[in-house]
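Student: Single-letter residue listing:
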Amino acid sequence: EAGVAQSPRYKIIEKRQSVAFWCNPISGHATLYWYQQILGQGPKLLIQFQNNGVVDDSQLPKDRFSAERLKGVDSTLKIQPAKLEDSAVYLCASSLDLAGSFYEQFFGPGTRLTVL
Amino acid sequence: GQSLEQPSEVTAVEGAIVQINCTYQTSGFYGLSWYQQHDGGAPTFLSYNALDGLEETGRFSSFLSRSDSYGYLLLQELQMKDSASYFCSSPMDSSYKLIFGSGTRLLVRP
Chain A
1 EAGVAQSPRY KIIEKRQSVA FWCNPISGHA TLYWYQQILG QGPKLLIQFQ
51 NNGVVDDSQL PKDRFSAERL KGVDSTLKIQ PAKLEDSAVY LCASSLDLAG
101 SFYEQFFGPG TRLTVL
Chain B
117 GQSLEQPSEV TAVEGAIVQI NCTYQTSGFY GLSWYQQHDG GAPTFLSYNA
167 LDGLEETGRF SSFLSRSDSY GYLLLQELQM KDSASYFCSS PMDSSYKLIF
217 GSGTRLLVRP
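Chains A and B supply the protein sequences, listed in that same order. Going by our numbering, 38 is the number at position 38 of the first sequence; the sequence numbering is gapless. One rule links them: number in our numbering = place in the second sequence (from 1) + 116.
It is possible that some hints are incorrect.
To be verified - Computed list of lysine to any residue pairs in SDA-like fashion (alpha-carbon distance at most 25 Å, straight line):
no., chain 1, residue 1, chain 2, residue 2
1, B, Lys213, A, Arg16
2, A, Lys44, B, Ser199
3, B, Lys213, A, Tyr103
4, A, Lys44, B, Phe161
Stated by the list, open to error - Which bits of chain A does chain B cover? Going by a derived footprint, with three or more residues having C-beta under 8 Å, they are:
no., segment
5, 7 to 20
6, 105 to 116
Honestly, the hints are just simulated from the structure, not real lab data. Every residue gets a Cβ at the ideal spot worked out from N, C-alpha and C, and that includes glycine.
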């Protein structure tokens, strides 16, 4: 079974520039999550999708961050414009369904973003 | 507020047993999960406790006491490859939002 795929793995940009991350979850997984992990901290949930609908985006800074999962499979997370404090690893995860949130989420390798 | 507290760092010797504690404060309780993350790697699921008691999976065990709002991860027969960060996590509430502790960095010495 293929795991969660993410690209790019690394990205370096200047502040005020835009950046986009892509995620392909495990086949058949209805629930998809984007997390931000700052060095030395635990992952922080940004947004959660069930199929192509948003379940929760209360912790997503909507003035600069956006995410979509148009066909209920792949997802993209965009930052526009980026700030220095956005430097972090952006992790995508998926689970079979919402109940999987409680039990087991499968994480991708992440995208390490550096904002200069 | 809702939070999970863990020690920041633990050091142990190869072959030994180590316990990583987690105390939580959430508005409701929907279980406690543990994840392992090697430097530069993805978090990987280790275990989940919904009810009080011990869950065993090979060298790893996880314990939960809901009355004490406390759980721990027990790693036995430590190996060098167990050096990693370990996170406890729990749904914030019935909305399925998962929150993570800040992680415990385990260093296994020869």
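Student: Which of the stated hints cannot be reconciled with the structure, identified by number in ascending sequence?
Tutor: Checked against the structure, the hints that fail are numbers 1 and 5, while the rest are satisfied.
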